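Visitor: Here are the chains, one letter per residue:
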Amino acid sequence: MAAMIAVKVQSEPFDASAEAATLSRGRTDVGAVVTFTGICRGSENGEAIAALTLEHYPGMAETEIESHVAEAAQRWPLTGAIVIHRFGRIVPGEDIMMVATASSHRAAAFEAAEFLMDYLKTRAPFWKQVEKASGSAIETSWVEARADDDSAAARWVKPHQAAE
Amino acid sequence: MKIRYFAWVRERIGKPEEDVVVPAGIATVAELMTWLAGRGEEYAYAFDNPKVIRAAIDRSHVKPQAEIAGAREIAFFPPMTGG
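Listed in order, the protein sequences are those of chains A and B.
So the first sequence is numbered by my numbering: it starts at 208 and just counts up by one.
So the second sequence is numbered by my numbering: it starts at 746 and just counts up by one.
Bound conformation, chain A alone:
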């Protein structure tokens, strides 16, 4: 059976456990489902935040995620994969995004999920803006990219790609 793939870029909230459940429902070839959910924290660098606003590049965000999910499905024997990423204003406690990968065995599901997360952080065109909870005035700032996200993504580069 072909891998069940779903990529969604949306402003609406989603139900991560219900989404992940679709990867194994009615199938007997799935032995492992790994899920990761990114959640909006209530503080950033020790300061309370009111919300995160995620900006994205419509069109490019979907194709960038789709191409990495397709690559994951080539590199690991997946039975399915789901990536959902929200944009717009998200308040603390709400889910921002999820990755779920399914396979017959756990190693492939774990590795594919990590690969997708590392690539999403460095290649998917989304930007986070923090809204601070400072009295009545709304103070915003952009989250800076982290160098360790780049090094995490670099570990998945195949030797022939590194030479390019």
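Hints listed in this document are in silico derivations from the structure and should not be mistaken for laboratory results.
Quick caveat, the model's predicted, so the values are computed rather than measured.
Please note that a few of the clues may not be correct.
For lysine-lysine, the following DSBU-like pairs were computed, each having C-alpha atoms within a straight-line distance of at most 30 Å [stated by the list, open to error]:
hint, chain 1, residue 1, chain 2, residue 2
1, A, K339, B, K796
2, B, K796, B, K808
3, B, K760, B, K808
4, A, K365, B, K808
5, A, K339, A, K215
6, B, K760, A, K339
7, A, K215, B, K747
8, B, K808, A, K215
9, A, K215, B, K760
10, B, K747, B, K796
11, A, K365, B, K796
Could you slot chain B onto chain A? The hints should help.
Guide: Structure of chain B alone, referenced to chain A:
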């Protein structure tokens, strides 16, 4: 050619997108950034440190030395922070 800006690049320039006629002789993404930076204070501010600006041609990531010939849409943005 359509140029799009995202996140703080968009905020600094003050618009999300525009159509520009790029002069002949501007061949690469890096040259386009230099040319844009000369268009006014807000552009100079946005492209103040071109090393940190990422670019995409027709919605695919490209390096600064990429050729812009034939591009329909070029986007400039800071390093991504999704996930």
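Visitor: For every hint, state whether the structure bears it out.
Guide: Evaluation of the provided hints:
Proposed proximity of K339 of chain A and K796 of chain B is supported: the alpha carbons are some 28 Å apart, at most 30 Å. In summary, the hint linking K796 of chain B to K808 of chain B is supported, as the alpha carbons are separated by about 11 Å, within the 30 Å threshold. Distance check on the hinted pair: K760 of chain B and K808 of chain B sit about 23 Å apart at the alpha-carbon level, within 30 Å; holds. Pair hint K365 of chain A plus K808 of chain B holds up; C-alpha atoms about 19 Å apart against a cutoff of 30 Å.
In summary, the hint linking K339 of chain A to K215 of chain A is supported, as the alpha carbons are separated by about 28 Å, within the 30 Å threshold. In summary, the hint linking K760 of chain B to K339 of chain A is supported, as the alpha carbons are separated by about 24 Å, within the 30 Å threshold. Proximity of K215 of chain A to K747 of chain B is assessed by CA-CA distance (about 26 Å); at most 30 Å being required, the pair is judged to hold. Pair hint K808 of chain B plus K215 of chain A holds up; C-alpha atoms about 27 Å apart against a cutoff of 30 Å.
Proximity of K215 of chain A to K760 of chain B is assessed by CA-CA distance (about 27 Å); at most 30 Å being required, the pair is judged to hold. About 22 Å separates the Cα atoms of K747 of chain B and K796 of chain B, which keeps this hinted pair within 30 Å; it holds. Between the alpha carbons of K365 of chain A and K796 of chain B the distance comes to roughly 25 Å, so the proposed pair stays at or under 30 Å and holds.
Violated hints: none; the structure is consistent with every hint.
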